[in-house]
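Engineer: Going down the list, the sequences are from chains A and B. According to my numbering, the first sequence is numbered sequentially starting from 1. According to my numbering, the second sequence is numbered sequentially starting from 269.
Accuracy of the hints is not assured; some may be wrong.
Cβ-Cβ distance ranges computed for the label pairs, FRET-style [unchecked claim]:
no.: 1; chain 1: B; residue 1: 280; chain 2: A; residue 2: 15; range: 52 to 62 Å
no.: 2; chain 1: B; residue 1: 282; chain 2: A; residue 2: 134; range: 55 to 65 Å
no.: 3; chain 1: B; residue 1: 461; chain 2: A; residue 2: 109; range: 45 to 55 Å
So the derived list for chain A, only partly shown, Cβ under 10 Å to chain B, looks like this [stated by the list, open to error]:
no.: 4; residue: 61
no.: 5; residue: 91
no.: 6; residue: 92
no.: 7; residue: 170
no.: 8; residue: 171
no.: 9; residue: 172
no.: 10; residue: 177
no.: 11; residue: 180
no.: 12; residue: 185
no.: 13; residue: 214
Since the hints were made in silico from the structure, they are not lab data. Given the structure is predicted, the values throughout are model-derived calculations rather than measurements. Cβ atoms here follow ideal geometry from the backbone N, Cα and C, with glycine treated the same way.
Below, each chain spelled out in residue letters.
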Amino acid sequence: MERRISLPMLILAIAGFAYMLFPIFVVVLAGLTAGEFLTFPPEGLSLRWIAAFLQSEKYLSAFFFSFRLALMTMVVATVLGTAAALFLSRTRMVGRNAMRAFFLSPVVLPGVVIGYSLFAFFIATNMGISRTIWGLWIGHILYSTPYVIGTVGAALAAYDVSLEEAARSLGASPWRAFRKVTLPNIGQGIQAGSIFAFIVSFGQFEVSLFLSAPNSEPLPIAMYNSLRYKFDPSAAAAGIFAITLVTASVLLTNRLVNIRRLLERQQD
Amino acid sequence: MSFVEFFGVTKAFGRTVAVEELNLDVRQGEFFSLLGPSGCGKSTTLRMLAGFIAPSTGAIHVHGRDITHLPPEGRDIGIVFQNYAIFPHMNVFDNIAFGLVERGEDRAIIKRKVDAALEQVGLSGYGERYERELSGGQKQRVALARLLVIEPEILLLDEPLSALDKKMREEMKFWIKNIQKSVGITTIYVTHDQSEALTMSDRIAVMNQGQVLQVGTPVEIYEHPNSRFIAEFIGESNLLSGRMGRDHVAIGDTAVPVSGAEGPTDAEVALLVRPEQIRLEPVFADEAPMLKGRVADEVYQGSLRRYLVETMGQRLTVEVPNRPDLAQLPPGADVSLYWRPESGVVLR
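Modelling step: build the complete structure from the supplied sequences, incorporating the hints.
Structural biologist: Shown next as structure tokens:
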């Protein structure tokens with residue numbers, strides 16, 4: 001779809017994007033500095049801090065810990081979020097809008113509040129999962145699932161239920177009608193939602209701050225802890241890897257799913 | 269004889285009653301239409317028969333078997349939706365094969381049956397196409413072929429022509445009717461379009477506000493409607509209000525003879541006269557016309573002229589075929605109106 005954008009709008013949009021992307025640009029350059037300290041502009045360019053990141057036991061284990069946590073979160077958030085979105089789109093129950101708002105509330109609530117609440121809850125109930133990967137996992141699932149509900153909900157809003165009804169009256173059981181007809185038609189939304197869940201979990205900070213254990217930290221926490229004590233460009237180098245991973249998954253999503261079309265369909 | 273039967277079926281959504289105490293009786297092999305304005309409960313009735321919604325009370329029988337609580341996949345009923353519901357992620361061949369695959373048919377048999385179905389609906393060679401590559405009429409043919417291959421007992425059609433343009437609609441009307449006749453399948457057709465119902469149906473049930481008002485052949489429904497609602501909903505109608513006499517209806521001080529009227533005299537009634545049943549003649553000075561009127565307006569419609577005529581203090585629409593031997597009357601002309609007593613239908 002071709003849309004004409006007026007010149008002032010275009011300038012405003014470019015300025016807006018530049019403003020938002022500038023910090024990323026700063027981090028990338030700072031991570032490539034040749035100097036001893038995290039400065040901008042960088043003192044010459046080198047890959048020494050990239051090498052330092054790759055040799056750092058602490059950063060690498062944090063990176064892979066985050067990666068693993070994000071994958072685990074993605075799997076559960078995708079299943080839960082898809083099920084919730086299906087329920088919300090099909091039910092005629094009174095209070096379904098309140099329920100939807102409740103399911104989506106982790107996105108609106110400050111992460112600090114969620115992190116603190118879960119931490120206090122785990123301690124108070126003496127469940128033994130505070131400051132373990134399991135407690136952290138629960139926190140990340142809580143925080144990521146709404147993104148799946150949102151994207152799958154958008155896909156379901158565009159999905160014509162009569163397709164599933166047609167499958168049923170042609171002889172398919174409820175489960176087979178779902179798997180053979182509904183699932184392929186909302187699959188793009190589910191894929192997009194699961195990749196969002198991965199990205200959100202990978203970059204999560206506030207919830208992790210309360211729930212992660214000192215010996216197994218996700219990457220954002222490791223970077224934060226490192227910067228608290230020394231102004232070391234290896235944190236920026238770690239940032240470069242995180243940015244690369246997230247960018248790659250967004251590009252991957254875009255290849256798999258036409259996000260723009262998904263969002264446009266939701267407006268119909 | 270009875271094939272599909274509804275026994276006192278009621279469906280309520282919360283406080284709204286969509287269908288109320290519905291009793292219906294559809295015969296085997298019949299083309300049966302549910303006709304009514306939107307919101308009259310016809311689609312709800314169809315969806316209850318298909319098994320997508322459960323009746324609040326009452327029972328539905330097919331072939332004498334109670335199917336009220338069977339899931340859709342256990343009913344052997346095929347449905348064509350308003351938007352055809354072609355599976356967009358499958359090509360035409362796989363769409364048509366869907367029901368056969370679900371029944372665990374052999375691959376060779378599926379291939380043979382799907383090819384035969386494609387030929388039957390005139391879409392041979394379209395097997396590889398996808399929904400987005402089909403026109404509205406082709407989608408409808410695919411939707412029908414997808415059902416016919418599984419040879420269901422009953423075919424349900426939910427406003428299948430409403431998404432097509434006018435020319436296509438006319439074509440598909442006869443096409444669907446022909447397919448139905450050649451297969452001999454019991455068909456229930458939901459529509460709000462009276463001309464579709466009149467041309468295609470063996471029998472019609474006219475519905476309004478969740479109830480069936482009249483069941484009959486197209487001729488019975490059009491020529492002998494049993495209520496003012498049906499008289500006005502189906503076709504053009506003139507309803508003259510008057511008072512029932514022994515063998516006439518008194519409209520103002522004019523006694524209009526009617527035939528075969530039953531019921532108590534001296535009651536307020538409406539006399540239905542269809543516009544094409546009325547003959548208009550110019551009035552000459554020495555003549556005593558049956559009913560005297562004056563042309564108020566004239567609309568030229570190509571094949572006919574439509575006159576608005578004032579008579580007995582009321583207004584009538586009259587259709588006159590556009591033929592040189594029939595009178596053409598300018599507005600303001602005095603006219604006399606004639607119709608046969610049996611053309612008038614007394615509605616109480």
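Engineer: Hints first: check each against the structure and report whether it holds.
Structural biologist: Cross-check of the supplied hints:
1. Our hint of 52 to 62 Å for residue 280 (chain B) and residue 15 (chain A) holds, since their Cβ atoms are close to 58 Å apart.
2. The hinted range of 55 to 65 Å is not satisfied by residue 282 (chain B) and residue 134 (chain A), whose Cβ atoms lie roughly 44 Å apart.
3. Here the CB-CB span from residue 461 (chain B) to residue 109 (chain A) is close to 53 Å, well matched to the stated 45 to 55 Å.
4. About 42 Å separates the beta-carbon of residue 61 (chain A) from the nearest beta-carbon of chain B, more than 10 Å, and the hint is not met.
5. The interface hint given for residue 91 (chain A) is broken, as the beta carbon of that residue sits about 14 Å from the closest beta carbon of chain B, more than 10 Å.
6. Hint status for residue 92 (chain A) relative to chain B: holds, with the closest Cβ pair at about 8 Å, below 10 Å.
7. Given the 10 Å rule on beta carbons, the hint for residue 170 (chain A) holds: about 4 Å separates it from the nearest Cβ of chain B.
8. Because the closest C-beta pair between residue 171 (chain A) and chain B is about 4 Å apart, less than 10 Å, the hint holds.
9. Checking residue 172 (chain A) against chain B: minimum C-beta separation of about 5 Å stays under 10 Å; hint holds.
10. Hint status for residue 177 (chain A): holds, given a least beta-carbon distance of 8 Å to chain B, under 10 Å.
11. Among the interface hints, the one on residue 180 (chain A) holds; its C-beta lies about 8 Å from the nearest C-beta in chain B, closer than the 10 Å criterion.
12. Interface restraint check: residue 185 (chain A) against chain B, minimum CB-CB distance 6 Å, threshold 10 Å, status holds.
13. Hint status for residue 214 (chain A): violated, given a least beta-carbon distance of 49 Å to chain B, over 10 Å.
Comparing the model with each numbered hint stated earlier shows that hints 2, 4, 5, 13 do not hold.
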